[in-house]
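**Q** From first to last, the protein sequence lines stand for chains A and B. Numbering follows our numbering, with no gaps: position 143 of the first sequence is 135. Numbering follows our numbering, with no gaps: position 153 of the second sequence is 155.
Some hints here could point you the wrong way.
[What the hints assert, rightly or not] Have a look at the derived ranges for each label pair, beta carbon to beta carbon:
| hint | chain 1 | residue 1 | chain 2 | residue 2 | range |
| --- | --- | --- | --- | --- | --- |
| 1 | B | L68 | A | D(-1) | 47 to 57 Å |
| 2 | B | K193 | A | T(-5) | 54 to 64 Å |
| 3 | B | H9 | A | H141 | 16 to 26 Å |
| 4 | A | V113 | B | K193 | 28 to 38 Å |
In short, the hints are calculated from the structure, not lab data. These figures come from a predicted structure and were not determined experimentally. The beta carbon of each residue, even a glycine, is placed where N, CA and C say it ideally should be.
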Amino acid sequence: MATAREDRLADEFLSLLTQPMQRKPREAVHRRHTAMMNELRFRRGREDPHLNFLHRKGWSDARFSALFAINCVYQEVLGPLQASSRSCAVGLGTRYPIRHGSLSFDRAHARGVNQTIHAFVALTSRLGFKREWLTRNTCGDLLYYIYRHEREE
Amino acid sequence: MSTASTHKAMAWLVQANKLAEDFAKKHRHYLSQTERQLSAAFEVGSLHALLRYYESHDYVLQPANLTDDGEYRYLTSPNGNPANFSFVRADGPDGDFEIRQQVRIESHVDKRICFTPDIVVIVKGADIKSSTDRRYASGKRPFFRVSSSHVVAAHECKSMNPFPELMVSFLGMLVVAHEWYPNGKTVKVTKKSGHLAPTLFVGGTPRGLHLRMITALQESYAMNIVCGLHEGTWELSQVQNRLRWQAHHVVDELK
């Protein structure tokens, strides 16, 4: 079981990542993270075999919380941004910058977003998480893929 | 848990927090985008994917109605006059078309049914009607719309995880936005080259049950659901349902 200090540090991890965010995206990230943590607790209560296996492999609740935070930030904020940074065949967003209200989608935008995504993937990797875990939908999906990964290890 | 493993877990968390702090500080600008900016980004990404699809299917694309500075002026709301905004011309083997954003559609089912898909492909030069109505903006702003008879395909972009109700609700758009659906002569549904059939672009990754449902929906209806766009599923060459516009054939037959 996690200590109070572990819990505090895990909460801090999420707060640090979401601190620069605007209110609505931050709320969306926290809402998703809460739902994933609730599912984790529910599965623990049901003696989920994947979860039991992962606990034995050293996966603490704090570590799950950090992974969920990474997943939520990607899903709610960085994923949509990454979508806009891809190159377009007819030069939209490059030769012809896209003016979307007060926003501009141009080469500088694409470059900046790609650098951010690159750094985020590097952070994910430094924490020992796999890149494809960024895009999993639910706590249950993640548990399954982590279980599969740990079993293969 | 032993003391040694607790220490190890604590050290990992401290290190994780340091990394998160550094990342958030350095990439503050992109983390602080508004909800509207994020939604716009996903829509722009979906448009990119669609245009790449068209280009790989023998359509010649050309951005049109650019600003004097050469910018593509994206229509962000149905309140704007489409004539004042940019669009992409798509000239292909089955005719000439316009790919536009946020153009309101007036349904053939009933003229009172009007709504705005994120991206719409219409025949070139389709009449964009404008009128005032006291029930809309107290009659102070024109109500712009295009008839669903000119619509080849209406596409919707959702930057969220897929779920069954989202997928099923897209059928509503298929029915009311396309006069050709289900048995119109202006469109031939094909598995070969042609327009992308009405498509729901979804950011999140599907689960096994979702994939099964998507397959069933695509086999049953002239529509596509493309998921996992956040992850990078931007290659649309695998989409199942495509369309050939054949309005000119119908006209020839009538002659």
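**Q** Of the hints given before, which are not true for this structure?
**A** none
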